[in-house]
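Starting from the given sequences, assemble the full structure and let the hints guide the process.
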Amino acid sequence: MAGNIVGILFDGLAYGSLLFLVGVGLSITMGLMNFINLAHGSFAMIGGYASVYLANRAGIPFLATLPLAFVAAGLCGIIAERLFFQRLYKAPHLDQMLFTVGFVFSSIAAAHYFFGASQQFVAMPDMLQGQVRFMGVDFGKYRLLLIAFVAAVTLALHLMLSKTRFGAEIRAAVDNQDAAAGLGINVNLVFALCFALGTGLAGLGGALGVEVLGLDPTFPLKYMVYFLLVVVVGGAGSIKGPLIAALLLGVFDVAGKYFVPEIGAFIIYVMMIVLLIAFPSGLGGKRA
Amino acid sequence: MTIRFQAVQRLASPRPRLAEIIFWLLPAAIYFLLPYDRMLVLSLMAYAIAVLGLDLVLGYAGIVSLGHAAFFGIGAYTAGLLSVHGWREPLSGLLIAGALTLAVGYLTSFLVVRGKDLTRLMVTLGICLVTYELANRMSGVTGGMDGLSGIEMAPLFGTFEFDFFGNTAYWYAYAVLVIVFVALKFFASSPLGLSLRAIREGVDRMPALGASVNNRLRVAFTLSAGIAGIAGGLMAQTTQFVGVDSLSVTRSAEFLVMLVLGGTGRLYGAVIGTAVFVVAHEFLNDVDPVYWEFWMGVLLMAVVFFLRGGLTGGASDLLRFIASKGLPALRKREPAE
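Heads up: the protein sequence lines correspond to chains A and B, in order.
Taken in order, the first sequence gives residues 1 to 288; the numbers are from UniProt numbering.
Taken in order, the second sequence gives residues 1 to 337; the numbers are from UniProt numbering.
Please note that a few of the clues may not be correct.
Unchecked claim - Partial list, computed: chain A residues near chain B (C-beta under 10 angstroms):
hint, residue
1, I36
2, L98
3, S281
To be verified - Per label pair, the in silico range of CB-to-CB distance:
hint, chain 1, residue 1, chain 2, residue 2, range
4, A, K222, B, A19, 41 to 47 angstroms
5, B, I179, A, N186, 21 to 27 angstroms
6, A, K90, B, N136, 38 to 44 angstroms
7, B, N136, A, G116, 24 to 30 angstroms
8, B, T250, A, G116, 17 to 23 angstroms
9, B, L107, A, F259, 26 to 32 angstroms
10, A, G59, B, D288, 49 to 55 angstroms
Honestly, the hints are just simulated from the structure, not real lab data.
We put the beta carbon where it would ideally sit given N, CA and C, even for glycine.
Next up, the structure:
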């Protein structure tokens, strides 16, 4: 029983880690830039397809496809930002939402057209398959990798935002665009890079998620709720809030599906509603 | 001053104009002139009612709801289940469906009015997802993925049979749509309706006028849920089938698209947007459903970029532009509502 609980906790943390990896990019575009981006899942999907395509068709090892998925999604993100999204930064939230929902529908159809409707699988290297036995409990190697990725990404993002010049420029541009521009910061460039970073992280999460979440053209809509949940419950614009939210939701979701399978699917939604009622601006949010 | 007075007077007295009368004669014309398209127009009218409800909450109260399919679906399942279990009288069935969704809307309205745009969006989305899961899980009651069939209606008023060709269903749906529309028209120009507009325009000033914002928003949300429930009930009764997709987030998003396409905050926008959407869907879906999804996305993005205010907003801007350019025949006419 104790082993069971440790196992569930571990699986929940790994699942939460994945949710965080995909969602944290959204915290940047939606929280920092105050842009309601429901199209985040589309960029995660681009990363996923990039990884699958490169690993299965081009024969690149899975781990090597991850940075490429980041770059592919980031590039698509920056193109979309320059073409469309930048025009909507000052638009009402409704317009941003509708535009990105439209983007989701079109991207689903486009993915369907190019890759077919079927579920995609990615060739996993042997070293990521199987379990590690520790203190009598089996830990999936792939899940350990997810947790390691989260630790690395969180640390890197935290250091980037708090210690680098670019991080300072982001914070300045977010707090007051005009003043930041007056100080010689290229606000347009900062926002474009921010968007590229957010969508790139989505792509990385999408690529890592193929194994756990699956990948088919409906991905952006199917998981939209989960990414939004992580960010909105966690508090858009922070790193810590979404991390806590993602891990909490991951553990509760896995535990719920294990212990009370009849109502397992509800737990995450009900938790979202309860948490949102209790913390309307999120667990660690700056903006509501 | 006089112009403003006229505007207020026009708001306060919803007297139909010629264009409106012609507009409302169209469904009757379609019934006689295009008998093969009746079924399409029938479902169009049911959707239009739901979108009118959404317009009340989005266009007037300014709450973005991604969860209206929940209420549509609850209404549909209520009306459908009543009939399946022997309550076949249509009008009372529809009223019960409306009353039940009104109650659900009232209970959920407390959750919805808390927080800002994004929180509201998420909460309404959550409501939709929970109801969808519920319907899916309770497949013994709802039929689950297979849907609820075997809905049969008793004759309307005890005389008009619901026949295979949808003749009675057509006039029934038409009448319900007109009643809902007229009721909303009066509501929009009532003090409560006007105060909702005021909330949308400047929420911070309302408490200074002594008006409680949250109570009004809750009333709007509750009414809107009830209207969506009636729409769902009508759908179930006239098409004699309820699928679990009537509760889906995709359906919610479609309602939003219909409304925004037509133009928010104008009741005609809801009806025209629904008509254009349903007809476009019918044509494009025949070609290829994937193709349709792509174009729906493009349509939505295009509306945001090029057609703020939707079709009716665009038309009204165009009329105003023509009027200001001094075409004497059009100068006196006011922009279409």
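We went through each hint and held it up to the structure:
{"no.": "1", "hint": "I36", "verdict": "holds (6 angstroms)"}
{"no.": "2", "hint": "L98", "verdict": "holds (5 angstroms)"}
{"no.": "3", "hint": "S281", "verdict": "holds (7 angstroms)"}
{"no.": "4", "hint": "A:K222 to B:A19: 41 to 47 angstroms", "verdict": "holds (44 angstroms)"}
{"no.": "5", "hint": "B:I179 to A:N186: 21 to 27 angstroms", "verdict": "violated (58 angstroms)"}
{"no.": "6", "hint": "A:K90 to B:N136: 38 to 44 angstroms", "verdict": "holds (40 angstroms)"}
{"no.": "7", "hint": "B:N136 to A:G116: 24 to 30 angstroms", "verdict": "holds (26 angstroms)"}
{"no.": "8", "hint": "B:T250 to A:G116: 17 to 23 angstroms", "verdict": "holds (20 angstroms)"}
{"no.": "9", "hint": "B:L107 to A:F259: 26 to 32 angstroms", "verdict": "holds (28 angstroms)"}
{"no.": "10", "hint": "A:G59 to B:D288: 49 to 55 angstroms", "verdict": "violated (33 angstroms)"}
Checked against the numbered hints above, the structure breaks hints 5, 10 and satisfies the rest.
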